[in-house]
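So the protein sequences, as listed, match chains A and B.
So for the first sequence, my numbering puts the first residue at 1; every next one is plus one.
So for the second sequence, my numbering puts the first residue at 678; every next one is plus one.
Since the hints were derived computationally from the structure, they do not count as laboratory data.
One or more of the hints may lead you astray.
[Unchecked claim] Below, a sample of chain A positions facing chain B; criterion: calculated Cβ distance under 8 Å:
1) 19
2) 59
3) 64
4) 98
5) 110
6) 118
7) 136
A virtual CB, placed ideally from N, CA and C, is assigned to each residue, including glycine.
One-letter residues, chain by chain:
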Amino acid sequence: MNDTLYSLSLLGTHIGLVVAGVVGFFFGSFLERAGFGSSRKLTGIFYFRDMAVHKVMFSAVLTAMVGYQYFVALGWIDPANVYPLETYWGAQILGGLIFGVGFVMGGWCPGTAFVGLASAKWDALVFLVGAGAGSILFNEIFHAIEPLYTGQVGGYAGLAYLPDALHMSPKAFVLMLSIFAVLSFAGCTRLEQRRGEMPVIGPVMIRRHKWAAATLMVLVVALFFVRSPTRGGEGLVRGGSGFLHEIAMGEDHVDPIELAERVMAGERDLLLVDLRPPSDFAGFHLPGAVNLPFEGLAQNLSRLPAEGKIVLYSNGTTHAAQAWLELRHRGWSNVWVLTDGILGFWRQCLTPPSMAGPADPARARAELSAFAARKAYFLDRKPMPTGSVEEKAAHGLTGDAEAMVEPECCGHLVSTEWLAFNLDVPTVKIIDTREDGPMYSTSHIPGALYLNVENIRTTVEGVHSMLAPADQLAATFGRLGIRRKDTVVIYDNRLRDATYVALALERVGHESYAVLHGGFKKWVEEGRAVTSEIPKPTPVKYKPVRGADRFTVDIDMVKSTLGDGKTIILDTRPREYYLGEKSDEARAGHIPGAVNRPYSEDLVEGKGLWKRKEILVEDYRGLGIEKESPIIVHCRTGHQASQTYFLLKHLLGMRDVRWVAGSWTAWAARSDLPIEK
Amino acid sequence: MIEQGHEPGKEGPAPYWSPYLAGFGLGLTLLASYWLLGTGLGASAAVARLAAWAEHLILPGHVEASAYFGKWFAPGSSHVLKYYLVSMGLGVLLGGFLSARRANRIQGMVERGPNVSARTRLILALSGGLLVGFASRLAQGCTSGQALSGTALLFTGSFVFLVCMFIGAYGAAFFVRREWL
């Protein structure tokens, strides 16, 4: 698979400039040979007199299209190394329409105008001056067009391919287009003969091109039979019919009920391996299970112990059986497969027995109580503890008695160990949001994408530093190649940047995200892998979930809660700002009745770690905040408050926490709103 | 009328290539561009960069602070004209020039239909250029970058651009027919 100058970031270097220049040379030569140094020839198509534009363009597109399909199929081009053109509906529809009008008026498009200029057509020079002026005009009124340009208005579909939209394979689409092209060529020639004033120069009759047309068709059809040498092939399973027999006989299976009992009995040497994607794992997994997605299993086998019992499970049994085979081949004899996978477990262990309906009341009671015990064990305990391949005891505490305990599960806080274990999983995406961008360039967690907090802020209705609207955030995440079902792990060094990005993910309705416990500092202290290699994400279309943001309140809503006797307004700014001794805003002070709890007091000083949960719960209780209290958090811009919000909602489990958009900046700017000092 | 000119004592212009052959060559050029550069062909970006460069000569502070051109002048970025598509534009000029010279097609003129004055033609060229320059920025590409390069890779937006371009052009063709016919 060859790299491209684009993928190597070499387009701007001397080699990039030289290669682009050579490509341009041939581009210009062929345009000129086609007759595109003449505006009258170019515009002939718009009056059905000279269809050269159609013929040349369509031949060129087909040549490149078919060639590209071959290159990809043969592994000579990796689409990931090609600069993608995203789809912006409104911008491209309007842009296309305006462009078309300009084309027929001016008689040129930019590329042909260069050729026209080279042929001393002065109208081409004037056209190019106009095009330059049009570019300047665009720049001057960019602020007005920006929403259309970025797809906020008019729509944005990210990286979209037409065959997908038509529910066709790319090859079928190319075939269809080729047939259409050949027919249209014949039609165009007929049109020219009937209406054209211009002399038809060169061979144009279809029969003179029958061999070219036939070759095209053969090549396009043959495309269906080209198999990539680099794809397919290497699976996990390499033979082993004896084992297959064993598996078919169910000798190395464990029944869900039996497994549930063993797990509940706390059997010590039992290791559960969840082979499903991290997003599934995050949704539900058996307590103590390790997530080792099937896709990356081969690289992680060395982490499985040779002692004890290993139980593999996936959603069904296919992946588990394949993994079982692989492990047996490599010498593990202590591997079992969960019968019917997690779905079977759910059906047999966690579905209320009343649905099955046994007749005998005594038996029914016994089954019901067994079910209740299982349900209490597997479903109602939150957070679910997760095991690790290494001894759990080795990472019980962070070593700091004051700090929050190492996260046990993959809720909204994950441990460095979990991340290290899932580093190669393609659906785990990592965001580095350390405030100091250059630090990222020198060293970051492998695969981490950089996102500065400033990139997700914008000015909304005159209030600066607001968290960007969902569409804009979604576009940003899409550009980072993040998909809706990915598990996103965010890290920084001081928590509030990571929680701010988490807030952005919550706004677009992203389901699976987490902050890295201890951040980059802990990662490095533990001697884990870092790199300076910058990943190259393939942009995707990210569609926000409408109405996902149920946590944002504006200042008018805050005002309406004043004096309702229930809602607690929590001001997370430093004390001197709360007291009005310091201010960066129009007015100093705080919202009447607001309670002050500086965000920094939730942290162990200088560690980038939250304090122990018990301490925090006690502290907040002291402020009158309980699990059910309606709470509204704010700071100056919403950044610091995002940390408190994340803590209260996702870590301490408060049920009704909301966050103020604009925060004090917005409140202070509105002179009609009351202030207290 | 047609001024693919004969000059006394000189040979007339060479015939154009078959459109299919020229298209085939163009297609191979595009494929090579994807293979080597990892990007398609482009022409409007060179125009925009030249325009930004020219505006910057006159109003440096204004351009640096502007939202769209500004990033090309950000500290640490290379010179606005040191860009692969500017280089490609120069290549197009050179390739077009050498090809036109060999084919004996270089002849200074304002190309237009028989029923329009050179002045009107130039005004229309300027206005058409203005629209094209603006639209290319908006759509992030022109006939080269979107209609040719993008469709070859089957991008939806490029097909949308191509279709809308023809709709726009055919819609306006009637009104400027005297310019060409």
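Legend entry - Broken hints, by number: none
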